[in-house]
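Using the sequences and the hints given, assemble the complete structure.
When we follow my numbering, the leftmost residue of the sequence shown carries the number 3, and every step to the right adds one.
Derived from the structure by calculation, the hints contain no laboratory data.
If you're wondering where the values come from, they're calculated on a predicted model, not measured in any experiment.
Worth double-checking, as some hints may not be accurate.
Below, simulated SDA-like cross-link-like pairs (lysine to any residue); rule was C-alpha separation at most 25 Å, straight line [what the hints assert, rightly or not]:
hint, residue 1, residue 2
1, K60, R131
2, K60, G110
3, K60, S122
Using C-beta positions, here's what the derived DEER-type ranges look like [what the hints assert, rightly or not]:
hint, residue 1, residue 2, range
4, Q134, Q89, 21 to 31 Å
5, P9, I119, 20 to 30 Å
6, G184, K15, 36 to 46 Å
7, Q89, A12, 36 to 46 Å
8, A158, H190, 26 to 36 Å
9, H190, Q161, 25 to 35 Å
All C-beta atoms, glycine included, are put in the ideal place defined by N, C-alpha and C.
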Amino acid sequence: MYSIASPTQARSKKALERFLNVAAELLANNQFEETGISQIAQLAESSVGTFYRLLGDKDVLLYAVHERFVEQSRAAVDALVADLTRQPLPLDAQVEAFIRGVVRLFDGSEGLLRALIRRSSMDPQFRQRFHQLNAYIGQAFASIVLSHRDSLQHPAPEQAADLSAHMLLSGLNYLTMVGSLGTTPREHIPGELSRLVCNYLQVSPR
3 MYSIASPTQA
13 RSKKALERFL
23 NVAAELLANN
33 QFEETGISQI
43 AQLAESSVGT
53 FYRLLGDKDV
63 LLYAVHERFV
73 EQSRAAVDAL
83 VADLTRQPLP
93 LDAQVEAFIR
103 GVVRLFDGSE
113 GLLRALIRRS
123 SMDPQFRQRF
133 HQLNAYIGQA
143 FASIVLSHRD
153 SLQHPAPEQA
163 ADLSAHMLLS
173 GLNYLTMVGS
183 LGTTPREHIP
193 GELSRLVCNY
203 LQVSPR
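Next comes the structure, spelled out in structure tokens:
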């Protein structure tokens, strides 16, 4: 089980943040595995002793990067849902806005996310956290869909909302890993995924 104690001193907190930022960049550039602790400490403008005091080893650092990514993603999803809840938009517009928001959330983090996904294929703890994040995003999406229950013509709204969330996440995960969805231009993907989902949900026309 990977775990780190949260530093209490401001100086240590800043050092830990620098270690996390350096590790995230190395992961995104596929350089984490071959970069030694002394070099990581140098890039983080810190010392090897501080690294061992705060983290202990590279596996703990990797887990800490993953944990921060999950926490930041959950917070961003919460903010997205809160923003959409305040807007009196029809369901099809909210679905597309949610998809655009999630795509935006991972823009610029594809390299890091791909590295973490690859690690999750070998590490059950990483895999579990990714499952939890996907479930969190899926539940957020389903809550938006079911808040417009009167707009759905699907005979089983709860089942449809859950399955459409899984289909959407599969498409977005594939987009992250591969960088595209067939020949569809990237800027068109949110709209096209929204159309697919809304057709399955049988969203009533405006």
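Comparing the hints with the structure gives:
As the CA atoms of K60 and R131 are separated by approximately 18 Å, the hinted pair is consistent with the 25 Å bound. Distance check on the hinted pair: K60 and G110 sit about 23 Å apart at the alpha-carbon level, within 25 Å; holds. Between K60 and S122 the alpha-carbon distance is near 16 Å, which keeps this suggested pair within the 25 Å criterion. Taking 21 to 31 Å as the suggested C-beta distance range, the pair Q134 and Q89 conforms, at roughly 28 Å.
As the Cβ distance of P9 to I119 is approximately 28 Å, the hint placing it in 20 to 30 Å holds. Our hint of 36 to 46 Å for G184 and K15 holds, since their Cβ atoms are close to 44 Å apart. In this structure, Q89 and A12 meet the distance hint of 36 to 46 Å, their C-beta atoms being roughly 38 Å apart. One distance hint, 26 to 36 Å for the beta-carbon pair A158 and H190, holds here, with the actual separation near 30 Å.
Evaluation of the 25 to 35 Å hint for H190 and Q161 yields a pass: the beta carbon distance comes to about 28 Å.
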